[in-house]
Amino acid sequence: MDNDLSSQDKKDLDKFIKFFALKTVQVIVQSRLGEKICTRSSSSPTGSDWFNLAIKDIPEVTHEAKKALAGQLPSIGRSMCVEISLKTSEGDSMELETWCLEMNEKCDKDIKVSYTVYNRLSLLLKSLLAITRVTPAYKLSRKQGHDYVILYRIYFGEVQLAGLGEGFQTVRVGVVGTPIGTITLSCAYRTNLAFMSTRQFERTAPIMGIIIDHFVERPFGNVGHMHPCNYRAPGEEEGGYAGVEDSQEVCTTSFSTSPPSQCVVTVSKAHLKTPKPVLVNTLKVPLMGLAFSHQLYSSRLSYQPPALGAADLCNPATCGGAHPHQMAVPGKEGGVPQVPMQPYHGAQAEHGRMPSCPAHDTAHHIPATPSSSGEDAETCSRSSEQKSAGLADTLETTFTRKVGAFVNKPTTQITTASLDLPFAAFAPRAYDLEENDPMVHPPDSPDTSSPLQGSLHSQGSSETGEQAQEDFVMVDFKPAFSKDDLLPMDLGTFYREFQNPPQLASLSIDVSAQSMAEDLDSLPEKLAIYEKNIDEFDAFVETLQ
Amino acid sequence: MNCRSEVLEVSVEGRQVDEAMLALLHTILLHRSTGKFHYKKEGTYSIGTVGTQDIDCDFIDFTFVRVSSEELDRVIRKAVGEFKDALSNTGSDGMGQISLEFYQKKKSRWPFSDECIPWEVWSIKVNVVNLANEQERQICREKVGEKLGEKVINIVEVINRHEYLPKMPTQSEVDNVFDTSLKDVQPYLHKITFQITDSLGTSVSTTMRRLIKDTLAL
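Those protein sequences? They're chains A and B, same order as listed. Note that the numbering used here has the first sequence beginning at 223, numbered continuously upward. Note that the numbering used here has the second sequence beginning at -8, numbered continuously upward.
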């Protein structure tokens, strides 16, 4: 079969296929790192850019790929596969997609290796770049960080699609015919994203059993064969990933569409669910999608807070270069996500808040309770854009008893563990702090002459008496943007106070007091007055034309 | 040789038009651009490197890849901007079509001007919808994102059929095949035109006008 192929061509072809495989793996893994990729065009050829494409080489990934290939090339029956999976901080994992580089027997003898095949491989890589941003795992990988991380695994041999669940879809990226066979690149991705409730460690163990020689000899708990598709903090490396960080530095010359102050953690409800692991286990993509889809306001860049409490491997770190304002929080249980030191300028400007309480600027975006629907996260985030419609929604649905978010406890939360975390408010608090709770004890509301003041106070008193009288269920009012460290009256109090304004005087005229006869009698007089002023009325009408 | 023609259809909201068009046009151009050619002696040439960039859309739940070339991006944005303006003018019912045509130039003898022979035409039909409230817009964001994903897969499918591509030109012919005016990348010669369907349903064809103008402007 190779008779027609000159030895030089054969060597070239093998080299092309080998580097194509390596570049394919780089593209796939880089697309799942959670960051936007940006490389520069260069008009003068550097000689080291395979396929005339600027694709960076992350050394660790190349190392893994070479290890998996073990000097072989994809051939018939032996495909190179990159498996992308998701692993939650609870330890559950799920395969998301498998990219396969296969070779079949269909040969194209007439094709010119050094020219056509090379160019077509280049085209295929471009197609791969485009398609990797289209599959569902891309969006998941852009939002990885605290709750879950994306891992990759490279293996060589038979394609295994069983872990993708039922109804997985396949998309073919492309084919390139060569004299020794046809190279096919495709992706099979999971469509059923509901987590299995039982842990999947047992399920994945057999896979390890099939191809033992590719896996590092480590106890399974370390998930040694899986590699995170993210960056690591300098201080938290687990074994020789310095190379990743180097290329991370290079890659973070990606362009920033939003200022660093907006590089806030995009929080999903999952962040708040720390006391309820069952909710995390049923991590459905639409849920997260909703919570994260407020792209109007959140940064596109990866925020990647350190995995707080992530036991084994993936401690995604902040990308130092791109996010100078993010703080590295040492592993802390309790699901408190990262926060930038700088608060939202946008929200701040609107409300004139001081930077001293970044917690609240961000806190209001997420309802404190897991029971809130995903839409609230969106409306909350949009309310940062000052849309009052969203505000109303937020107000509606955040009525719970929980003391937590939106409740300003400047003394306690800001100094918690000396960390300035905006979601420190979400950490479970002792309820005995209610004596400081301004929602329960409204701060000095000015004594207005509003006739409704009485009702407010009665409400307030019943709030304060809530602990004593358990029959009164307090509606914990948590309006967005609410903070009372500056003004004597906070937004919640204001709203409560003025939500029942007195009726307009004109509306409360007792019409029935006047008799119909009187009305009719007064008509001629009124008409006379109108006729006198008819010119005025005409002039007015003219102005309206 | 026959020109192959591909049609893509999308329905978007008004403010998504720009990004949807950019996403699709850039995806096509990513595949139809190479690095700059540097011709050496004996008819050989080397090719520059093409960088890529991920672009997130603001109004659509979608990220696309384009070549890293500000110049090319400017050109495409300008064309898309004109298309969008035409679409939003009164008299248009929100339906229009933008076409990206790849062509080769064939030198003709004087007094005839060079012929432009298209070899691939991508037409993107756009239908602009109006949405009533924010919730619908949110759904639209995601839906259009998925649709664009499907379109990208379609584009990749067509391109990977590896049908006709112009031959790699010699140095003297390179301007007949490629657009060498850009500094960092070299796309195939292309032009972008559009037409808007006005509310009467007749096609107000700016391309027709332009063709006539071009012919007269010998």
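These are computed hints drawn from the structure, not numbers from a lab. One thing to keep in mind: the hints can contain errors.
To be verified - BS3-like, lysine-lysine: derived pairs with alpha carbons at most 25 Å apart:
#1 K334(A) - K174(B)
#2 K138(B) - K31(B)
#3 K116(B) - K134(B)
#4 K174(B) - K31(B)
#5 K31(B) - K134(B)
#6 K32(B) - K134(B)
#7 K138(B) - K278(A)
#8 K31(B) - K361(A)
#9 K232(A) - K289(A)
#10 K331(A) - K288(A)
#11 K98(B) - K116(B)
#12 K182(B) - K98(B)
#13 K331(A) - K278(A)
#14 K233(A) - K361(A)
#15 K69(B) - K138(B)
#16 K158(B) - K182(B)
#17 K174(B) - K361(A)
#18 K232(A) - K182(B)
#19 K232(A) - K361(A)
#20 K69(B) - K116(B)
#21 K331(A) - K158(B)
#22 K116(B) - K334(A)
#23 K288(A) - K240(A)
#24 K233(A) - K328(A)
#25 K334(A) - K75(B)
#26 K31(B) - K75(B)
#27 K361(A) - K134(B)
Worksheet item: Would the pair K232(A) and K361(A) pass a check requiring their Cα atoms to be no farther apart than 25 Å?
Response: violated, 40 Å
Worksheet item: Has the given pair, K98(B) with K116(B), been kept, meaning a C-alpha gap of at most 25 Å?
Response: violated, 32 Å
Practice prompt. Compare the distance between the alpha carbons of K232(A) and K182(B) with 25 Å, and conclude whether the hinted pair is satisfied.
Written response: Not satisfied, since the Cα-Cα distance of roughly 40 Å exceeds 25 Å.
Worksheet item: Holds or violated: are the alpha carbons of K32(B) and K134(B) at most 25 Å from each other?
Response: Not OK: K32(B) and K134(B) at ~52 Å, beyond 25 Å, violated.
Worksheet item: Can the restraint linking K232(A) and K289(A) be considered satisfied, given a maximum Cα separation of 25 Å?
Response: holds, 23 Å
Worksheet item: Keeping to a limit of 25 Å between CA atoms, is the pair of K158(B) and K182(B) held or broken?
Response: holds, 19 Å
Worksheet item: Hey, K331(A) versus K158(B), does the alpha-carbon distance stay inside 25 Å?
Response: Holds: K331(A) and K158(B) sit about 19 Å apart, inside 25 Å.
Worksheet item: Is K138(B) within 25 Å of K31(B), Cα to Cα?
Response: Since the Cα atoms of K138(B) and K31(B) sit roughly 44 Å apart, the hinted pair is violated (cutoff 25 Å).
Worksheet item: Straight-line Cα separation of K334(A) and K75(B) no greater than 25 Å?
Response: violated, 43 Å
Worksheet entry | 25 Å Cα cutoff - pair K331(A), K278(A) | This hinted pair is violated, its Cα atoms lying about 32 Å apart.
Worksheet entry | 25 Å Cα cutoff - pair K233(A), K361(A) | violated, 39 Å
Practice prompt. Assess, step by step, whether the Cα of K233(A) is no farther than 25 Å from the Cα of K328(A), and give holds or violated.
Written response: Holds: K233(A) and K328(A) sit about 19 Å apart, inside 25 Å.
Checked against the numbered hints above, the structure violates hints 1, 2, 5, 6, 7, 8, 10, 11, 13, 14, 17, 18, 19, 22, 25, 26; every other hint is satisfied.
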